[in-house]
Structure formats: structure tokens, C-alpha cells
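Undergrad: Residues per chain, in single letters:
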Amino acid sequence: MQVATGIKIVNGIAIGKLHIFKAPVYEISEAAADPIEELARFEQARLKVQEQQHALYEKALKEAGEDSAGIFEAHEMMLDDDDLIDACKMIMTEQKKSAEYAAKEGFDNVAEMFREMDDPYFQARSADIIDLKNAMLDVLLGNDTDSLQGTEPSILVAEDLAPSETVKLDKSLLLGLVTREGSSNSHTAILARSMNLPTLIQCKSIEDDWEGKFAILDGYNSCLYIEPTQDLIDSLTARRNEDLKKEALLQELKGKTNTTVDGKTIRVFANIGGPADIGAVQQNDAEGVGLFRSEFVYLNSSEDPSEDSQFQAYKRVLETLSPKLVIIRTCDIGADKTIDYMNLDKEENPALGYRAIRICLTRKDFFKRQLRALLRASVYGKLGIMFPMIISLREVRECKEILEECKRELANEGVSYSKDIEIGIMIETPAAALCADELAEEVDFFSLGTNDLTQYTCAIDRQNAKLEPFSDTHHPAVLRLIQMTIEAGHRHGTWVGICGELGADPTLTETFLRMGVDELSVNPKSVLPLRKIIRSVDLSKSQS
Amino acid sequence: MKEFKFTVTDPVGIHARPAGLLVKAVKEHASTVMIENKDGKAADAKKLLALMGLGIKQGDEITVKVDGADEDAAAAAIEAFLKENL
Chain A
1 MQVATGIKIV NGIAIGKLHI FKAPVYEISE AAADPIEELA RFEQARLKVQ
51 EQQHALYEKA LKEAGEDSAG IFEAHEMMLD DDDLIDACKM IMTEQKKSAE
101 YAAKEGFDNV AEMFREMDDP YFQARSADII DLKNAMLDVL LGNDTDSLQG
151 TEPSILVAED LAPSETVKLD KSLLLGLVTR EGSSNSHTAI LARSMNLPTL
201 IQCKSIEDDW EGKFAILDGY NSCLYIEPTQ DLIDSLTARR NEDLKKEALL
251 QELKGKTNTT VDGKTIRVFA NIGGPADIGA VQQNDAEGVG LFRSEFVYLN
301 SSEDPSEDSQ FQAYKRVLET LSPKLVIIRT CDIGADKTID YMNLDKEENP
351 ALGYRAIRIC LTRKDFFKRQ LRALLRASVY GKLGIMFPMI ISLREVRECK
401 EILEECKREL ANEGVSYSKD IEIGIMIETP AAALCADELA EEVDFFSLGT
451 NDLTQYTCAI DRQNAKLEPF SDTHHPAVLR LIQMTIEAGH RHGTWVGICG
501 ELGADPTLTE TFLRMGVDEL SVNPKSVLPL RKIIRSVDLS KSQS
Chain B
1 MKEFKFTVTD PVGIHARPAG LLVKAVKEHA STVMIENKDG KAADAKKLLA
51 LMGLGIKQGD EITVKVDGAD EDAAAAAIEA FLKENL
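Line by line, the protein sequences give chains A and B. So in my numbering, spot 66 of the first sequence is number 66, and the numbers just go up one at a time. So in my numbering, spot 73 of the second sequence is number 73, and the numbers just go up one at a time.
So that you can see chain A by itself, here it is in the shape it has in the complex (with noise of 0.2 Å):
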């Protein structure tokens, strides 16, 4: 077994033999005869060249995307470049050389120019000035560029890939990707990620002697492995085929809606942390995010975060995702969660101390910093607030008098904010459970925090291994308040969800959907396996 190394572009594994992709070498005559003829043949050249480049831009739109096929679209264009034409032109014409030492020579000086620059993006489009170059001499010299894949499906090897050659790859022949060369800022790069084709760049350990041999494409490890061992072969494969299950349960159930067999349809949405977690919530389809935890911006930031950056942060959030609902979560720290530049007191009780919306009804400047910028973001997508750790109604009339001050003070200032958002409430205190009929007249939607819920509840503390014994995380005096939660709830007309880890329990799914629960919250990867459960089970029929 050999072991080769490289820089992982894309996640997963690809299993078969070795393909080497050789680039198509030219051999180009100097001289011409008749400068005229010349001149003709690279225009007609360049023509055809600018009608492959759109072809490749709707293949890639197809199969990649807009931002993929962008690239082909500036290739399009990059060939009306006059500096360019003319260089060429004045080769054929003074020189007296031919139409693909024109070509060569005109393009490899722009390649060179880009290759000099600093910047590594600018850096990466000789790549595509020599792709056009290759597409020019390959028109010129009538060259097949079809036939280079070989025709059983292959892990391809290749010393670079210019963008065209990816694009026009067959799929359906194509395992995985190895360059020797290559940048992640390459449209190969970027194509391979669309894609999602494991692929492996800057290998420099490539060898001609690989040609058909069996090999494994370890994305997750950036590793190449040819000629692996059995155990090595068995792990992987197992890998292997645990992603096709998940790709298969994506493609079976992207794009459904939640719907039970009987009809019935809630809404899943996911949890995230911050703005890096948005890519997850559209990879795995959740139809918006039910809980936003917004201490990211407190926690990842040395001091108290300024208005403008929690603004840019929601903003950015609010934006990708439009037109889902993203409900973000006021400030929720202090007991697990404590932050130096807060100088918060150390507490004997922590979990039942100062925390959470209590900090922030104390602490009003830095509450109004928040809610200013969630109004400011409030513009540029669906926004939903959510308070916690709320127990009485006098906290939530407060915290909505307090936005409503927001409001009147952005108006004053001219700024704009949504007419249109949602206010919520978590209820994960026994107290707000037993109070919800009040509670649900102040708020369109409650989210239930069901591991706060569980730890008040049953005075359990959730960090505490030695309590293992004790705890029951389905115990019945918790179900009990999730379903009076819900029903009071629906009494006012106000929706109810669960953002707790209960939601994503697949073993609790039927009894929610019993309760009536309208939306679970749960990490991205749990959204499509529930939709999976929420759509077998038939509500007209009794529990099994």
C-alpha cells in the first residue's frame, strides 16, 4: 500500500481505480503563408471558443450553479478584450507567424501578467487565460478533447484541471479528484465543492505507474490510498456507504414538507450557534432556524460587542436565509455561560441566579445594544426575538416596553426596521409552563427549552454525572408541561415549539405530534432523519 497527501477540498470518500488525466500537448508551426488566412481562421476560432464558453456556462449553471458558472461567462468576455485581440492580431500581421503561435504567445502574456500579480485570486486566473489559450490551439488544430476520461467510472489524476476540463467531465464517469497542483481558490476548486465531489488538491506525490490501480479517496483525512489493505478497504467502504445513506435520505427528502401520513404538517427548523452555521441549515434543508443562540457574539468577543457588529452578525444571518424565519435568542448568559468583560458576581447557585433575561432587565443599555441591532437587521430577512428564562408576565411586558423604545428611537433616527416580526418567549421555567395561558396573550410563539425545563423541573442539576441515576429525561411531569404549554398556547392563538434536545428525541416525535406541537428546533443534521419519522406516522390511527 502507498499513501499520498494532499489538501482536502471536499468531505467523503471515493473508491475505485486510478485514472491519469495526461493535458493534450500541442505541437504549433511558426510560420504561416498568408497573414489574411490567418486573421480568419483565429477569428472564426475565437468564435467558436466564445460559443463552447456559453455552453459551458449553461452547463455549469446547471450543474454547479450561478456562482460556479460564472467564471465561464467572464471567459466569454475575457475573448472581446481588445488589448488581447489586438496582441494577437499584430503577431499574425507583423510576425508573419500563424494563428496558434498568435494564440499561444498573445494568451501566455496574459497568463504571465496575472501570475505576477500578489494577490492569489488574481494569481489563480492564468489558469483560466491558459485554459482559453488550450481551447483556442484545440479548435485550431481540430484536437478531440472528449475522448480523455477513458470509460469505466475512475478516481481522476490529474496535474492540474483548468476549469472547462472539469466542467465538461463526465459525472457519471468520475469518483473523485487528485491534483498535484491546484489552489482552493481555483474554479476547480469551486466546482469540485458544488459538486460535492471528494477531491483532493496539491498531492505532490503523484506517480505515472498508478494508472489503473485501485485506490480510496480519503476526503475526511486528506489522504490518497493506493492499493490499500482489506481493514482499510472495510472501514472505509463502511464510510462509504454511511454518507450514501444520508445523501439518499437528502435526495428522497429535500424540498417535502413535514407532513404526517394522516395530513397533518409542522415545521422543522434548525439550532445554530452563529453565522457559520448557516451553510448547514440549507445543506440540510430545515425551513428556518428556531433558535439563534446569540451568545456567540458575546462570547467570541474580548469586550462588550458594539451595536454595529452584533448588527453586521444578525444581518448576515437574516440575508442568507431570507425568506426563512430565523428567531434569534436575546442574551442568554450566565449560569454554564460567563463572560469576564461582564464581571458578573460568582454565584453558590448559578442555575437559579442572575442570568439570562434577568441580566438583561438589570443591564438595560447593553439589553437596548442587542435589540437595536436586531431591529436594524430586522430589514433584511424574517426575523423572530425570542426572551429567556422568562417566569412571570411583568418580565415580558417589560422586555417588549423596552423594544418598543428601540423602535420609537430608530424611528426618531430615521432608521428602518421590520413591521413584521415575531415575539416569543422560551419557556424553561416550571413557572412560565404553569403560567402559559397569561404568557401566550403577549407573544405570538413559545419555544420550549426542554433541558432547562427538565433540570427546574425535576431539581435535577444537568451537569452533575453523579445524578445520572436520577435523572429521566422523558420523565411525565416534564411531558405534562410541554403539553399544557401547547395547549394554552393554542388557546391564544399563539404557536408553540421545542428547541430543546427532546425535539430532535426521534423516539418522542409521534407523542409532539400528538400534543399538537407546531414546530421542533434541532441541530441541522437531525432535520431530514425527523422529517423521515414525521412522515410515517399516521395520527389517525393510535399510538403504537
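If you're looking for bench data, these hints aren't it; they were derived computationally from the structure. Among the hints, erroneous ones may be present.
Here are the computed distance ranges between Cβ atoms for each label pair [to be verified]:
(1) B:Lys-24 to A:Asn-196: 30 to 36 Å
(2) A:Ile-85 to B:Phe-4: 27 to 33 Å
(3) B:Gly-40 to A:Ser-172: 51 to 57 Å
Glycine included, every Cβ here is placed at the ideal spot set by N, Cα and C.
Following the hints, put chain B in place on chain A, whose structure we already have.
TA: Showing chain B alone in chain A's frame:
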């Protein structure tokens, strides 16, 4: 001649595609449009590769000079384009 400054906010700078669209937008006007990077190097905004050759990155302030019969309309249109796309 009309002249204005603009600071690029696009994370990649004036990269291939927006540069191509900018060239397209500029070509709709008769005026000559020159773009100068922060080092004072200038390029004709009707020429894509020269424009990309300026290597303009996020945060760079560029100077746009518009000269010709339709310079008022051209300058306004280009400024609007830059604000929206870069």
C-alpha cells in the same frame, strides 16, 4: 471631465465577473472611462484584462475619471453600478 472616488467592499475585489459586467456597463457610453488603483496605475475600463490587471482588492480606494460627450450620465451610471456590485 468628471471624477469620483469609490472604495471597494466586495470581499474578492474587482474580480473576473463583476469586472466583465463593469466593462459591459462602461461600453454603453461614448465617454472614455479610466480607473486608477490606489498606486496610481490606470486602466481603460472598456478593457477587461487591463482592468483585472490593476489587482483591485477589498478596501482599496479607486479613482474613476470619465471624459466625453455623455460624461455626466456615464459617471452617474458607473457610480451606481459600483455601489451595487462592488
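Undergrad: Hint by hint, note whether the structure agrees.
TA: So, going through the hints one by one against the coordinates:
1. Between Lys-24 of chain B and Asn-196 of chain A the Cβ separation comes to about 32 Å, which falls inside the hinted range of 30 to 36 Å.
2. A hinted range of 27 to 33 Å for the beta carbons of Ile-85 of chain A and Phe-4 of chain B is consistent with their spacing of about 30 Å.
3. Our hint of 51 to 57 Å for Gly-40 of chain B and Ser-172 of chain A holds, since their Cβ atoms are close to 52 Å apart.
In summary, this structure violates none of the numbered hints.
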